[in-house]
Every structure is written in C-alpha cells, then in structure tokens.
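Could you build the full structure based on these sequences and the hints that come with them?
Number of protein chains: 2
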Amino acid sequence: MQDDLPKGFKAGAAAAGFKAQNRDDLGLIVSDRPAALAGMFTQNVFKAAPVLVCQEILAQGGTARAVLANSGQANACTGEEGLANCRATQAMVAGLTGLRVEEILPLSTGVVGAHLKMDLWLDAVPLLVKSLGSRDAEGFTRAFMTTDAFPKFSSRELQMEGGAVRLTVMAKGAGMICPNMATMLCVALTDADVERGPWQAMFHRAVEQTFNRVSVDGDTSTNDTILGLANGASGVAVRSARDLAQLEEALTAILGTVSHMLVMDGEGASKVIHITVTGAASEADAALVARSVGHSQLVKTAIYGGDANWGRIVTAVGYSGASFDPTQVGLTLCGVERFRQGRPVNDDKEDLLAERLKAKDIPVEISLGDGPGSYTLQASDLGHEYVTLNSDYRS
Amino acid sequence: MQDDLPKGFKAGAAAAGFKAQNRDDLGLIVSDRPAALAGMFTQNVFKAAPVLVCQEILAQGGTARAVLANSGQANACTGEEGLANCRATQAMVAGLTGLRVEEILPLSTGVVGAHLKMDLWLDAVPLLVKSLGSRDAEGFTRAFMTTDAFPKFSSRELQMEGGAVRLTVMAKGAGMICPNMATMLCVALTDADVERGPWQAMFHRAVEQTFNRVSVDGDTSTNDTILGLANGASGVAVRSARDLAQLEEALTAILGTVSHMLVMDGEGASKVIHITVTGAASEADAALVARSVGHSQLVKTAIYGGDANWGRIVTAVGYSGASFDPTQVGLTLCGVERFRQGRPVNDDKEDLLAERLKAKDIPVEISLGDGPGSYTLQASDLGHEYVTLNSDYRS
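Respectively, the protein sequence lines represent chains A and B.
Here my numbering is used: the first residue of the first sequence is 90, the next is one more, and so on.
Here my numbering is used: the first residue of the second sequence is 90, the next is one more, and so on.
Because the hints were derived from the structure by calculation, they are not lab data.
Just to be clear, a hint being listed does not mean it is correct.
All copies of an identical chain are treated as equivalent in the list; a pair is satisfied when it fits inside any one copy or across any two copies.
[To be verified] Calculated cross-link-like contacts (lysine-lysine; reagent style PhoX-like; alpha-carbon spacing at most 25 angstroms): (1) Lys438 / Lys219; (2) Lys438 / Lys206; (3) Lys108 / Lys438; (4) Lys108 / Lys206; (5) Lys99 / Lys449; (6) Lys108 / Lys219; (7) Lys96 / Lys206; (8) Lys206 / Lys219; (9) Lys219 / Lys99; (10) Lys438 / Lys449; (11) Lys219 / Lys96; (12) Lys96 / Lys108.
Below you can see the structure in the form of structure tokens.
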C-alpha cells in the first residue's frame with residue numbers, strides 16, 4: 090500500500106465524520122526515528138492553533154516524528170480553547186503510539202472559526218493509529234483534502250553517491266491561496282540522511298521558488314503550512330556539495346510539480362496564467378508587478394473568457410506600485426507582442442491571439458526595462474465555477 | 090431640457106458610432122464663462138492621454154470652460170499618437186465653439202489600448218456642438234456610460250447668504266474601481282462663485298471621503314478622473330466660513346450619493362458591503378484592513394451567496410499588513426457580534442445571521458483595539474454576473 094513513501098515512514102487515515110460520512114478526514118504519518126524538520130508558515134496575523142504549535146516544535150528542537158492532519162475544521166481564530174484542543178489531539182495520538190506530544194506536528198484545514206469536534210476525535214484516533222501502514226501517499230493526501238478536485242502528490246527516487254533516497258510530497262489546497270508563504274498544507278518526506286541546517290536552508294529556497302509563486306485568489310489563509318521531514322532511514326548520508334545540490338534540485342522540481350497541480354485545481358480554475366516579469370529595477374518590483382497582474386479580477390476574468398483584452402494586463406502593471414518608466418514597458422501575450430515601449434503593436438494579430446487564448450496554459454511576458462529584477466508567478470483564472478464553489482463553501 | 094444643470098452650463102451629446110449605433114457616446118459641457126477648476130486623477134502609472142491633458146490644464150491655470158467626454162475608447166496606453174489624437178479632438182471643438190484648446194477638458198473611457206476613431210470624431214463633433222443646450226444631466230451622463238446599468242447623477246440647490254446656488258454631479262463607472270483615487274469619470278458642476286483655492290481644497294477633502302472609499306474589483310483604471318467646475322454664474326459669492334462649510338457639506342453629500350450608486354452598480358454586483366474599521370493604531374492601518382476585506386474574493390463571494398462564513402473576513406483582516414494585537418480583534422456582521430478578543434462568540438446566532446445576510450446592504454464592523462484610527466469603505470460583492478460581464482466585455 091505504501092510503496093511510494095520514503096523508508097521509515099508509515100501513513101494511516103480514518104473517517105471521523107467531520108464533514109461527510111465514510112470519507113477519510115483524518116490522517117497520520119509516523120516516522121520510525123526522529124526526522125530533521127523544516128517548516129514554513131502563513132504570514133497571516135491570525136495563525137491557526139496548529140500553526141502556532143508547529144512553530145513551537147520547530148523552534149524547540151528541529152526534529153519530529155509524526156504529522157497529524159485533519160480536514161473539516163481549521164481551528165483558526167479559536168483562541169485559547171482552540172490551542173487547548175490542538176494539544177489534546179496531540180496527546181491522544183501520543184498516548185496510543187508512545188510518541189512524545191512535542192514530536193507530533195498538527196495540521197488543520199476547513200472552516201475558519203470552527204472548533205475541533207473533540208468527541209469525534211476521541212472515537213476516531215484509535216482507528217487512525219491502528220490504520221498506520223495501510224495508506225500510501227495518495228491515501229494520506231485524500232484525508233486532508235477539502236474542496237480539492239483531485240489529490241496532489243508526487244514521489245521520486247534519487248541516486249546519491251552512497252545509494253538511493255526517496256522524496257515524496259503530499260499537498261492539499263484549492264482556495265485561499267496567495268504567494269505570501271506556504272499557501273496550503275503540504276508535507277515533504279525524505280529518507281535521506283541530511284543535516285538539519287542544510288535541509289532547512291534548501292527547503293526555504295525551494296519553497297520560495299515554488300509554493301510562494303502561485304496564486305489562486307490572493308487570500309492568504311490562517312493555516313498555510315509546509316513541512317519537510319528527513320528521517321535518514323535510507324542510510325544514505327547526503328553531505329557532499331554534489332549530493333546536496335542534487336537533493337535540492339529534486340526537491341525544487343517536485344515542489345514545483347505539486348504547486349502547479351495546486352493552481353490547476355485552483356477553486357473552479359480552468360486555466361493557468363504563467364506570468365514572467367523581467368527587466369525590473371529589483372526582484373521586489375518584479376514581484377509587485379507579477380502579483381498585481383495575477384490578482385487582478387479583470388485580468389483573470391478576461392483570460393477565463395478567452396478575451397484578448399491585453400489593456401487590462403497593462404493597467405494592472407500600472408497600479409502595481411512598482412517603479413518603472415511606462416515608455417519602456419512591453420507585453421507579449423501567448424507569444425504575440427502587443428505592447429512595446431508604451432505603445433500598442435501588432436493590432437492585426439488579434440485573431441491569432443484569440444485562437445491561442447483557447448489554450449489551458451496562458452503565458453504572459455512583461456518587460457519593464459533593462460533592470461536586473463525578474464519574477465515568475467502562476468495564477469489561476471476566475472470563472473463561474475469559482476463563484477459557485479465559494480459562494481456556498483459550507484453547504 | 091437642462092433645468093437640473095447649474096446656471097451658465099449647457100450640455101450636448103451625439104451618437105458617433107464608437108460602439109453601438111444610435112446611442113449617444115460623445116458628450117460636451119460648456120460654461121458661458123471660465124470656471125474655477127478642481128481635479129483628481131488616477132494613480133496608475135499608465136495615465137491615459139486625456140488624464141495627462143487634464144493634468145496639464147489644471148497645472149497651467151486652474152480654470153476651464155468645457156468638458157468633452159467619450160465612451161468606446163479609453164485612449165490609454167496609446168503613446169504619442171494617443172496624445173496627438175486627444176489634442177486633435179480638443180482642436181475640433183475649439184474650432185467650432187470659439188473656445189481655446191486649453192479650456193477644454195477631455196475625458197475618455199472604454200477599452201484600454203484602443204486608439205480614438207478619428208474619422209468618426211470628425212463626423213460627430215459638428216453635431217455635438219450643435220446639440221449644446223439640448224441635454225440635461227442625465228443626457229450628458231448617458232453619453233459616457235459604458236457597462237453602467239443605470240445613469241448616475243444628482244443635483245441639489247443650496248441657500249447661501251447671498252442667494253441660491255446649484256450643484257450637479259454626473260458620473261460613470263462600474264468596473265476597474267478601486268479606492269486609490271477617483272475610480273471612474275465624474276464631473277461636478279456648480280454656479281457658485283467660489284475662489285479656486287477653497288474650491289480645490291474642499292473638493293479634495295470631499296473626494297477623499299467619498300469616491301476614494303468605494304471598491305468594486307480593486308482594479309485602478311488608467312483613466313479615472315473627477316473634475317469640479319465652479320463658474321459663478323449664479324452671482325452668489327461663497328466667501329464666509331458658514332457658506333463655505335455649507336457648500337463643502339453639500340458637495341460631500343452629493344458625491345457620497347453618486348459614489349454609492351457606483352458601488353450598487355458595481356459590474357454585476359448584487360449587494361453593497363459597508364465596512365467600518367475602528368480602534369486601529371492609525372487611519373492608514375484602518376484603511377489597510379478595510380481594503381483587504383473589501384478586495385477579498387472569498388469575502389465577496391461569501392456575501393454574494395449569503396454565507397455567514399465570517400472567518401473569511403477575519404482571515405482578510407489578518408493578512409492586511411496592518412499592525413494590531415490579534416487577541417483584541419472583534420467582528421460584528423449585520424449587527425451580530427461573532428468574534429470578540431480573538432475568539433468566536435454567539436455561535437447560536439447563525440440562523441439570525443443567515444436571515445440578515447439576505448439584505449442588499451451588509452454592514453461589517455471590525456474593531457482592532459483601542460487606537461484612534463478608523464476608516465470606512467463600500468465594496469461590492471462578487472457574483473456570476475461579474476464574471477459574465479467581464480469575461481466578455483468587448484463583444
């Protein structure tokens with residue numbers, strides 16, 4: 090069942106009944122030894138109880154043994170009671186597994202402001218612990234899905250100097266997604282033996298290049314968490330610069346794959362907008378422009394409708410807050426240059442552009458001048474399905 | 090026909106055929122004497138050609154005689170050619186009216202990146218000038234409507250110490266609306282005799298309190314312009330502190346009325362969200378929070394669907410970037426307190442809340458603590474009609 094998990098990790102799941110009946114909504118991963126921990130968290134001021142607890146664990150030691158994830162209730166904006174409930178769920182699992190409370194990383198997703206349903210937890214945790222070993226990466230991922238249309242996970246094996254190691258990433262998330270930290274729940278596991286310092290450093294860089302550069306609706310959730318656990322169970326030490334670089338490259342690639350799945354499954358999304366900004370005075374300015382375009386409702390609805398209304402893109406560049414010379418700005422949409430040095434060009438290529446806008450992947454290239462700053466962002470479009478899903482999320 | 094315009098102003102309109110046939114899409118207002126001019130403009134870096142020309146006129150002298158408005162083409166992002174076209178339209182009107190080019194304020198709205206259709210202008214301007222005196226406030230307003238569902242205008246008469254003066258405001262705008270300057274096209278006319286300095290000062294304050302506090306989609310257009318012309322044709326001098334205060338009060342009230350119409354007619358909007366933030370450390374922090382909530386797609390779709398998902402509001406407060414203590418935050422939605430000092434309250438009032446969310450006007454009161462900063466914002470919801478309108482704007 091769990092061939093795709095790295096060595097030393099087991100997964101389980103249970104149907105606690107938090108939302109629908111007979112659907113897994115509680116998941117557990119346990120490592121047979123302490124794993125080096127890396128983590129990045131939402132920048133929302135209202136950090137959910139599980140986020141606060143994960144941050145504590147990361148600050149205290151930087152190792153962990155387990156991940157405990159639920160859907161249905163976010164346990165965010167729930168005050169002291171929410172924090173106490175979160176710790177109680179850790180204690181339930183600790184009592185049945187022999188793990189210490191502070192080795193168990195909690196993850197919650199669901200409605201903000203709703204308390205954990207502790208009676209359902211009490212019934213479900215024994216079943217959850219018993220199920221350890223019965224689920225693979227997909228099985229764990231399904232346990233913490235909410236409005237996701239499909240489970241998002243990916244695995245790969247790498248040849249290091251000392252042998253093979255495995256890397257598995259499992260994520261959920263389809264709404265409340267914004268490139269200002271982790272943007273959903275995600276767990277990356279590896280059985281590589283990598284020291285905490287380099288693991289955390291490569292993890293931060295990989296997240297910055299991937300999950301921090303996707304956007305569905307510009308809403309940064311209270312619960313966004315991405316965890317990386319390296320337990321060394323492969324017995325393969327990753328120490329040389331070449332091995333470390335290879336692991337980082339693979340981690341970045343696999344997080345990129347999964348974060349792309351996230352945008353594809355942006356709530357009700359039908360297209361992925363690939364925004365590239367170059368020639369900015371700084372990376373910060375390039376990021377401002379990319380996010381302004383990627384968050385613009387008018388751009389997102391135009392792309393949804395296949396409307397070659399490129400002026401909306403230039404307008405969003407203009408109100409981004411970035412510094413640039415408007416007479417140096419250029420825009421190429423789906424490979425067709427439509428704006429150069431502040432003026433429209435290729436007016437006669439509207440039909441070609443309209444044809445290309447029927448594609449699922451829409452490249453938007455924006456040049457601001459000859460500065461060194463660049464940034465990329467993947468954003469979803471905005472269509473009727475988004476409105477339908479989000480105007481009635483809780484029913 | 091024009092009983093509702095202040096004395097000394099005449100309005101005309103013509104159907105130039107910029108978009109549909111047989112619909113006014115070109116409007117002109119002429120004052121029989123120079124009027125003291127006030128103006129505020131978009132903060133978008135890509136300022137449309139007519140915005141640049143209005144700014145020139147305002148900088149040069151601060152008086153004007155005419156407003157020339159078209160729909161169909163925004164003349165934004167059109168480079169030097171766009172600027173030359175804009176000046177050519179001023180020259181056409183100047184040639185037929187005897188006004189000077191630099192007394193004619195141009196306003197354009199429509200598709201960004203589209204050039205003015207100069208051949209249609211050449212045919213239409215003679216008809217436009219001939220029509221002067223044949224249109225009232227509604228008639229002029231209809232000439233520069235785009236996707237507006239209804240014309241937005243309002244008039245009132247004020248008793249000053251020296252007699253009666255009249256104030257008329259005409260506006261268009263339903264999309265690309267964001268509280269970062271004027272947010273659409275708007276013309277305010279009065280026949281009061283008020284000096285330029287006090288007129289400009291009260292105009293800025295009134296716009297800041299009204300048009301700068303509405304939001305439809307967070308997109309700041311390239312063309313936003315609001316002009317105020319005071320021509321003194323009533324012969325009533327407004328000089329005393331009491332008269333000046335009365336005029337400012339009326340101006341603020343009438344701009345408030347018209348800006349509320351703008352949100353009600355937000356493209357595809359079905360509800361108006363009235364956001365009040367109090368207790369912030371500063372007005373700037375309060376504004377950050379109000380705009381974060383007012384721009385949140387998740388908040389706007391929940392309100393559209395009548396979903397009492399208040400956690401989305403608190404989440405948007407949390408990622409606003411404002412500084413505050415999360416344990417001091419409170420939220421009252423439709424008069425029902427749901428969040429107090431960082432904790433949910435009144436869980437049993439969900440049904441009451443759901444009932445109240447069926448209303449057209451949705452009050453959202455957010456308290457951040459005991460600081461002096463406050464801010465109000467009116468935002469539209471986000472529904473299927475918005476997507477339908479904006480995914481196929483140009484057809």
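Okay, the hints, checked on the actual structure:
With identical chains, the CA atoms of Lys438 and Lys219 are never at most 25 angstroms apart, being 62 angstroms at best within one copy and 39 angstroms at best between copies. For the homomeric pair Lys438 and Lys206, the shortest alpha-carbon distance between copies (19 angstroms) is at most 25 angstroms, but the shortest distance inside one copy (58 angstroms) is not. Taking the closest pair of Cα atoms, Lys108 and Lys438 come within 25 angstroms of each other only across two copies (21 angstroms); inside a single copy the shortest separation is 50 angstroms, beyond that limit. Proximity of Lys108 and Lys206 under a CA criterion of 25 angstroms is satisfied intra-copy only: 10 angstroms inside one chain copy versus 58 angstroms between copies.
For a Cα distance limit of 25 angstroms, the shortest separation of Lys99 from Lys449 qualifies neither inside one copy, at 37 angstroms, nor across copies, at 52 angstroms. Taking CA atoms no more than 25 angstroms apart as the test, Lys108 paired with Lys219 passes inside one copy only; the shortest distance there is 22 angstroms, against 68 angstroms between copies. Neither within a single protomer nor between protomers do Lys96 and Lys206 lie at most 25 angstroms apart by alpha-carbon distance, with minima of 33 angstroms and 69 angstroms respectively. Taking CA atoms no more than 25 angstroms apart as the test, Lys206 paired with Lys219 passes inside one copy only; the shortest distance there is 20 angstroms, against 74 angstroms between copies.
Taking the closest pair of Cα atoms, Lys219 and Lys99 come within 25 angstroms of each other only inside a single copy of the chain (11 angstroms); across copies the shortest separation is 83 angstroms, beyond that limit. Within a single copy, Lys438 and Lys449 get their C-alpha atoms as close as 20 angstroms, which meets the 25 angstroms cut-off; across copies the closest is 44 angstroms, which misses it. Taking the shortest Cα distances, Lys219 and Lys96 sit within 25 angstroms of each other inside one copy (19 angstroms), while across copies they are farther apart (85 angstroms). Taking the closest pair of Cα atoms, Lys96 and Lys108 never come within 25 angstroms of each other, the shortest separation being 32 angstroms inside a single copy and 66 angstroms across copies.
Checked against the numbered hints listed earlier, the structure breaks hints 1, 5, 7 and 12; every other hint is satisfied.
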